[in-house]
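Colleague: Go ahead and model the full structure; you've got the sequences and the hints to work with.
Chains as they are written, first to last, in the numbering used here: chain L, 174 to 510; chain E, 34 to 300.
Any given hint could be a false lead.
Reference excerpt, derived from the structure (chain E facing chain L, CB under 8 Å, subset only) [said to hold, decoys possible]: (1) 81; (2) 197; (3) 200; (4) 214; (5) 220; (6) 222.
For the record, the hints were derived by calculation from the structure and aren't laboratory data. Remember, it's a predicted structure, so these values are computed and weren't measured experimentally. No residue lacks a Cβ here, since even glycine has one placed at the ideal position from N, Cα and C.
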Amino acid sequence: MQHITFSSQKTYLLLFLLGTFSLFLACETDQLKSVSKAEVFDELWTFVQENYVYFDEKEADWNEVRQDYEGLVKEDISDEDFFFLCVDMLNELKDVHNSITSPYGYQVAYNRRIGYEIHFDLDVVKANYLNNDFQESGFYTYGVLENDIGYIHFADFKEVKRIHSIMDFMEEQAVKALIIDVRDNSGGYGPDAVEIVGHFINQPTDVGYIVAKTGPRPDDFSEPRRITAQARTPFMDVPVVMLTNRESYSATSYLAAEMKPLPNVTLVGQITGGGGGGNITYELSNTWLLTVSLDKYLDINMESIEAGVLPDIEIVNDSTRLANGIDEMLERAVEQF
Amino acid sequence: MIKQKSLFTLLILVSSVLLYAQENPLKQNRFFLEYGVQFQNSVDSRFSARTRNYLGFHTAVAVEFLRTDKIHRLEVRFSKNFNYREHIIFFEQLLPELRYTFLKPWKTSNLLVGGYADIGSYLAFPVGSWRGNNNISYTMWNSYGLSTQHQHTFSLGKLQLQHRTRFSIPLLAYVVHPSYGLPYPESYLEDGVFDFQRNGMATQILTSGKIYTLNRFQHIEVRTGVALPFRNNTSAIGIDYQLTFLQFQQLDQLRQIQHNFLLTIKL
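Modeller: Structure representation (structure tokens):
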């Protein structure tokens, strides 16, 4: 029978203390340690510096921006004022995908709507053009206009794959043309855009590129990586008009950029809202959530879509005429056929 | 559900080992079950500089094959956090951790040294009001390292207790981790491989790892416990404390400190 020796006792005590100390250490680190505004400012600026992809395109000198704002950061300003100061600094990049979320709200750093007349009302389309004869599936509203023109409005990038059954419907209806209306669709999961594009190609087709940040240095970028759409059935071999407006943003801009080069597609309406960057969210030390663009979409011509995708035919709705039930953008799309 | 099925299946398989005769003192099999509470302190610098505490449970099954004086141990470990929904970063094992350890006596019968190989994985996924569309991180590893164990029997009053302390440290690891900022592994960004819709990424994840040494990948475990034998020393019940330090440092950093307080049963 072996008895505990004194040296063994010390070992056990040491191990016990080590474990207990570690436990207290773990508890202590969960306490939200007090951070100064200067530290949060530095953390925010550095994260953007190391991760943001559009400095060149935005023609923003981020070092200069730091100099402009750093002097305004005083520890005695209110947290709310500090929040809006950070938002203003982020706004220098004019990127709608950049944002900060705090107890004072969710603030998108840039308003893409400023300077644009944006008028769209799906109820006008339903009542006056679809004659209240339409179906809805997820975020899709669809039906057939006069002269066998299929109409699909796509409100949000959720449940995108419902498009496949909607295209089956359009094929059954033997539509002679198709209007894909993505006005007021503010986007979602960009990779899903190819699910829609796939119905307008009959073989795998390159439709764009992605360039990603690969490290914290300013020139740490990947080579452009191809985005290839696979053909989907049914293949809709009909003339297509895609309707866009300034609210067509992010993944919707991807969709517009991917559809535009197709031979049977015409973009009609207003420049899209852009938003070509995939983004990432980071929690700052004071628990605020910072979101920035860290990869960028390029169209098939390797052009950035961050500023928006230009339509082939530009037209915007007049608010008064729309209030009277006239959707001029839709009527112009119909004229295309 | 997959994890639960895997664990259950393994329990059945391991239990079948008990069917083999254990009468040969030079050839024994021992079966262990563990249940306990886990306190975890974690940070993934991809999402935050803040560390967070989590409370969860930990369970494991192990089989030890004793051949003469050598030990072969197979373990399957599973843990889950209870209160992750209170936090906006969710850390969870992707799959139960598997570990094989080999030990043999060194100088004395109480001290054993050897090595181990293991496979583990963690997923970090923010929940709540996070708006980014690239917010996922994973760390998967297959590591090889050194392992030691010290064991002896001592008396406490009228009780005869067994004490065991274990230590392990990796020397080499194959680690898979997303590339900077994106959920894709580095090899997935190769032209001709990349698919924007993430098809085929699972295979690429497994083949895109790199070899790291102790300076970049640390998965250190210290464990100590006492057990009270019964049934003529063929079974035992005990309590263990295990401290685990897991850290992987690339362009970002995953760090976890786990404290496991366990009830162990040897059958």
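Colleague: It remains to establish, for every hint, whether it holds in the given structure.
Modeller: These are the hints, each one checked on the structure:
1. About 4 Å separates the beta-carbon of residue 81 of chain E from the nearest beta-carbon of chain L, less than 8 Å, and the hint is met.
2. Hint status for residue 197 of chain E relative to chain L: violated, with the closest Cβ pair at about 12 Å, above 8 Å.
3. The beta carbon of residue 200 of chain E comes no nearer than 10 Å to any beta carbon in chain L, farther than 8 Å, and the hint placing it at the interface is violated.
4. Interface hint at residue 214 of chain E: satisfied, since its Cβ lies 5 Å from the closest Cβ of chain L, which is below the 8 Å cut-off.
5. Interface hint at residue 220 of chain E: violated, since its Cβ lies 12 Å from the closest Cβ of chain L, which is beyond the 8 Å cut-off.
6. About 5 Å separates the beta-carbon of residue 222 of chain E from the nearest beta-carbon of chain L, less than 8 Å, and the hint is met.
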